[in-house]
Amino acid sequence: MTLTVNELTIHHGAICAISDVSFTVPKGQLTAVIGANGAGKTTLLRTLSGLNKSTHGTATWNEHNLLHSKPETIVRHGVSHVSEGKAVIPELSVVENLELGAIWRKNKKEAAESKAAVTDIFPRLGERLNQRADTLSGGERQMLAIGRALMSKPELLLLDEPSLGLAPLVVEQIFQTIRDLTTTMGLTVVLVEQNAMGALKIADQGIVLNLGKVAVTGTAQSLIADPQVRAAYLGY
Amino acid sequence: MFQLLNTILIGITAGAIYSLMATAIVLVWRSTRVINFAQAGMALLSTYFGYEAMVHFNSFWIALPVAMVGGAAVAALIELVFMRLLVKRSSTGPIAAVAPIIATLGLLGLIKGLISTFWGGADVRLVGPVTNIGYSIGDKTLAFSPLKLLTLCTVVVLMLLLTVLFQKSNIGLSLRASAYSPEIARLSGVKVDFVRTLGWSLAGASGAVAGMFQTVNGNGAFSPESIEFSLLLISGFIAAIIGGLESLIGAVIGGLVLGLVVSFVLMYISSSLFFIAPFLILLIILFIRPQGIIGVKAARRG
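Chains as they are written, first to last, in numbering that gives the first Met the number 0: chain A, 0 to 235; chain B, 0 to 301.
Isolated chain A, as found in the complex (with noise of 0.2 Å):
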């Protein structure tokens, strides 16, 4: 079970915003994409969940075609994404979020199951089930989106920058529970992010784009030392 991608290209109309990248992301592991606004992370976990069309290459999980796929039969093979900004519907209440994720699994019971390890996980949000998701802090709707992507049961969780716009006290409580899924639970997680280094402290393996072409991989640790990457994106 891993997530393999090979020679994948996208195509924003004329513009081509992914291009030739390849990386594999083993289970169990968590994988941070870094890269500077426009390197194409955005692009990428779109295409991979099913949002956007690629024009070139594969991707599979689980010997599964994700290219080719629409997103609702993707969450179905196990592949959870948490789009950009806070991913929640603001009109309904927390619990019609958390719902929603499970709703098209037929067993409820394991569903109700779902929900109660997730508000376990985000005890907050147990407490606001009944609240619209508009009235939830910045905080608790990156929680939200993320438990409501919990709820579809994913072994394969695609995270786009949930530090965004969150306080730093926030950000580190988010990137533990984030680590905490991949070695507790045993979640396979890619996450995309601005915070590199927040990211890539969290992280096993790290990956770096830049303009639509994969610039350095390696282990999150060796990133972390690599005096190009730093300069580049760590900032010192």
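These are computed hints drawn from the structure, not numbers from a lab. Glycine included, every Cβ here is placed at the ideal spot set by N, Cα and C. Any given hint could turn out to be false.
Unchecked claim - Label-pair ranges, simulated between beta-carbon atoms: (1) B:I136 - A:R123: 56 to 66 Å; (2) B:L159 - A:H11: 39 to 49 Å; (3) B:P64 - A:G164: 44 to 54 Å; (4) A:G37 - B:E224: 52 to 62 Å.
Chain A is fixed; fit chain B onto it per the hints.
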């Protein structure tokens, strides 16, 4: 006093039917972001289905479900083969915003043409299941009959069913999530395309009930060119706008407000304002509260 009571009763009954039509418009708007001008034609066609069932079975209680199922099927078909293709073909540029709306106007004409071909242009008649002669109090006759009571009850039951469906079921959650955020809905596993078709078919069924009751509450006669159905569309549209276009409860409130205001204007100002009053109300609403009476601007935080 008696006149006031009658005015209110007339307004509420008319408003209830507007609410159904407004519900149909809101359901389509929420599922595909299209203002469906063909809704009047769809309601008319459904009423013809009901008329056919009436001819064969001579029972309103068979005709009504036949009209609803027929209306739902026609609406689903239109969304599935027509609207979906259209949206795909005109996904960018200035045309994309207006093409579906213009297309529904075209559909309206097409449906009326089809009806004329199959049933001819002459009036046909539909008779209600109970009398439309008003209850009497002493020597006075109320503007409220068993048929109007039945109309109100049917609307209330249908709206309650729809509300329960929307608020308490997984289908309802899918419908709401797809309306607010199709992307998050799809990422959560909702088959949004199917949900859109479902939204249209619910609208088709609601419009069918509106058409059936509008007809039997009038003189029972209708034809492809019935002015009643054009008015029904306009009233439903205005009611939906008053209600903010996004919610079922808004559609109901919008319908009742419109029904009551029109009724009061006709009774106390001038009955010659019949064709003008709804439009005046629409313009006033759009000027003073463009988001509708209960429409709230979604308070989205960062």
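A quick look at each hint next to the structure:
| no. | hint | result |
| --- | --- | --- |
| 1 | B:I136 - A:R123: 56 to 66 Å | holds (60 Å) |
| 2 | B:L159 - A:H11: 39 to 49 Å | holds (47 Å) |
| 3 | B:P64 - A:G164: 44 to 54 Å | holds (52 Å) |
| 4 | A:G37 - B:E224: 52 to 62 Å | holds (58 Å) |
Violation of the numbered hints given earlier is absent; every hint is satisfied by the structure.
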